[in-house]
Amino acid sequence: VSHSCVYYNTFYNAQKYFKDAEKIRLENENRSLPVNAQTAYTNVIEKCDLVLEKYPDSDYVNSALLLSGQAHYHKEEYNSAESKMKQLQKSGDSDFIQQGKFWIALIKWKNGKIQPGIDQLSKLLKEELHSITPTLIHLYLADIHIELKDIETALEHLEIASEKSVDRKEKGRINQRLSELAFNRKEYDRALNAYDQVIKFSLVKKLKQDAHLQTAKIHRLKGNYEKAVKKIKSLLVEEEFRDLFGALELELVRIYELKNENEVAAERLQSIINDYSSTEISSEAYYILGKKAIKESLNLKLAKDYFEKSNKESRKSPFIKESQEIIKQIDQYFSAKQLVFGNEDTLSNQLDSLETQEAISKNLISVNISKNDDAATNLMLMSELETFTFKTPDSAEVHLNTFIKEFSVHNLYPKAVYMLYYLYNSKGDSALIDSMGNILISQFPDTEFAEAVRKDIGIEKGKSQSEQFFSIAENLWYLDNQDNALDTLRSIV
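Going by the working numbering, the letters in the sequence shown line up with residues 1 to 493, in that order.
In short, the hints are calculated from the structure, not lab data.
Small disclaimer: the values here were computed from a predicted structure and weren't measured.
It is possible that part of the hints are untrue.
Stated by the list, open to error - The calculated DSS-like cross-link candidates involving lysine-lysine, where the alpha carbons are at most 30 Å apart (straight line), are:
no.	residue 1	residue 2
1	Lys-316	Lys-186
2	Lys-301	Lys-186
3	Lys-222	Lys-295
4	Lys-316	Lys-371
5	Lys-391	Lys-371
6	Lys-371	Lys-312
7	Lys-321	Lys-371
8	Lys-23	Lys-206
9	Lys-149	Lys-230
10	Lys-54	Lys-123
11	Lys-164	Lys-208
12	Lys-200	Lys-149
Produce the entire structure from the sequences given, and follow the hints as far as they go.
And the structure:
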């Protein structure tokens with residue numbers, strides 16, 4: 001009796017360590033195995049090996065082999081894991097033989113034999129399963145296909161795993177993975193169904209809260225603004241969702257902005273800053289205000305102030321790095337502006353940039369700028385920042401038109417023309433697109449910018465200049481731009 005008690009206690013301790021290790025591992029899915037889990041698995045292996053070495057005839061040998069093999073697997077000790085599972089396959093017990101097949105399939109996958117691993121798991125699904133559940137097999141098949149970047153197949157396996165699972169906690173965890181994968185693929189209906197399942201089955205408070213927040217976010221992304229607002233407001237009156245209140249308020253802001261209710265959005269952001277001071281939420285609110293200051297008025301001084309405040313609100317804010325980068329770009333812009341215009345950029349202060357461009361072209365505005373190489377380089381930098389960083393194309397067009405007027409012989413001239421071509425293309429202004437394209441093809445045919453234009457309109461560089469102009473004229477004619485087409489034909493003559 002004493003003898004059997006000893007090996008029972010040894011195996012019981014191994015089971016306890018294994019249970020602890022599994023709990024930690026599952027709580028840290030998709031992350032490195034924590035040190036405390038590794039230690040627990042090592043203890044499992046030591047206790048199981050003790051049973052196998054000292055009590056080879058005991059009733060716990062097969063269970064010890066299985067537990068030890070699993071612990072080796074999770075520690076990424078695949079050769080040792082395979083050795084234990086192969087011993088298990090010789091046990092003569094159908095349940096343990098099936099377990100051995102399952103884990104050897106996973107070891108094949110981990111050792112780079114991916115298709116054989118998939119085949120063996122798929123074959124197992126056709127067997128009458130005893131000690132392995134179909135849910136577990138489908139979960140691992142999902143993992144394999146995620147690694148292969150075959151997300152659709154992974155999602156299908158997760159959906160089957162969820163259907164077949166009878167454990168509430170497991171069902172919640174499966175649908176959490178399913179919802180995130182579907183959301184990242186912008187399969188919002190699929191994600192919505194999965195988040196509903198998380199809300200229904202998960203026992204983890206944070207996962208349930210996040211699922212509610214993501215549900216509101218999906219309604220917003222699908223354009224169902226009223227549905228999203230209704231969902232958010234229903235959560236804001238429930239005390240159990242207090243941890244989400246800040247994030248829900250920010251979701252409301254995003255909806256107001258999409259509905260062009262900019263004043264309401266700004267007021268809500270100020271309220272958020274006051275209510276959630278010195279948090280990641282207030283940091284994001286300042287960040288959004290900074291972006292709004294740029295987008296709505298190109299008020300870079302105010303934007304910089306908001307981004308600096310965003311950085312100070314919380315060290316944990318995910319917007320710190322991006323805010324610092326934008327601050328750096330704003331400083332570059334101010335330095336460039338000073339070099340080009342001195343203390344005052346009269347062009348940027350015009351209320352209507354399109355009127356300003358027309359005035360420039362007709363020499364109605366006298367542009368007071370430096371005419372040296374530094375000025376040209378920095379005027380281009382301002383235009384690039386306005387186009388690609390600040391996303392204010394009207395301001396960029398004004399400064400690019402100034403560049404073309406003032407620096408027509410500068411080596412950056414073709415780039416300025418191409419940037420205008422790009423901006424006019426974005427706006428669909430066909431007459432100006434054609435004008436900029438013709439300048440590049442006729443005056444700068446060997447530049448990368450001319451090549452890009454040729455690709456856009458479908459002509460080959462190998463053609464003679466007359467042939468190229470004729471192709472351009474044809475395109476213009478079919479685009480109902482007969483006047484420019486005739487001008488191009490006359491240039492050939």
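Outcome of the hint check:
1. Annotation: proposed proximity of Lys-316 to Lys-186 holds, straight-line Cα distance about 27 Å (limit 30 Å).
2. With a CA separation close to 36 Å, the supplied pair Lys-301 and Lys-186 exceeds the 30 Å bound.
3. Of the pairs offered as hints, the one joining Lys-222 and Lys-295 holds, with about 23 Å between alpha carbons and a cut-off of 30 Å not exceeded.
4. Restraint check for Lys-316 and Lys-371: the C-alpha separation of about 46 Å exceeds 30 Å, so the hint is violated.
5. Among the hinted pairs, Lys-391 with Lys-371 is consistent with the structure: their alpha-carbon atoms are about 26 Å apart, no more than 30 Å.
6. Restraint check for Lys-371 and Lys-312: the C-alpha separation of about 40 Å exceeds 30 Å, so the hint is violated.
7. About 36 Å separates the Cα atoms of Lys-321 and Lys-371, which puts this hinted pair outside 30 Å; it is violated.
8. Of the pairs offered as hints, the one joining Lys-23 and Lys-206 holds, with about 17 Å between alpha carbons and a cut-off of 30 Å not exceeded.
9. This hinted pair does not check out: Lys-149 and Lys-230 have alpha carbons roughly 36 Å apart, beyond 30 Å.
10. The hinted pair formed by Lys-54 and Lys-123 fails the criterion: a straight-line CA distance of about 36 Å is larger than 30 Å.
11. For a cut-off of 30 Å, the pair hint linking Lys-164 to Lys-208 stands: about 21 Å separates their Cα positions.
12. The suggested pairing of Lys-200 with Lys-149 holds, with an alpha-carbon distance near 29 Å, which does not exceed 30 Å.
In terms of the numbered hints stated before, the structure departs from hints 2, 4, 6, 7, 9 and 10, listed from lowest to highest.
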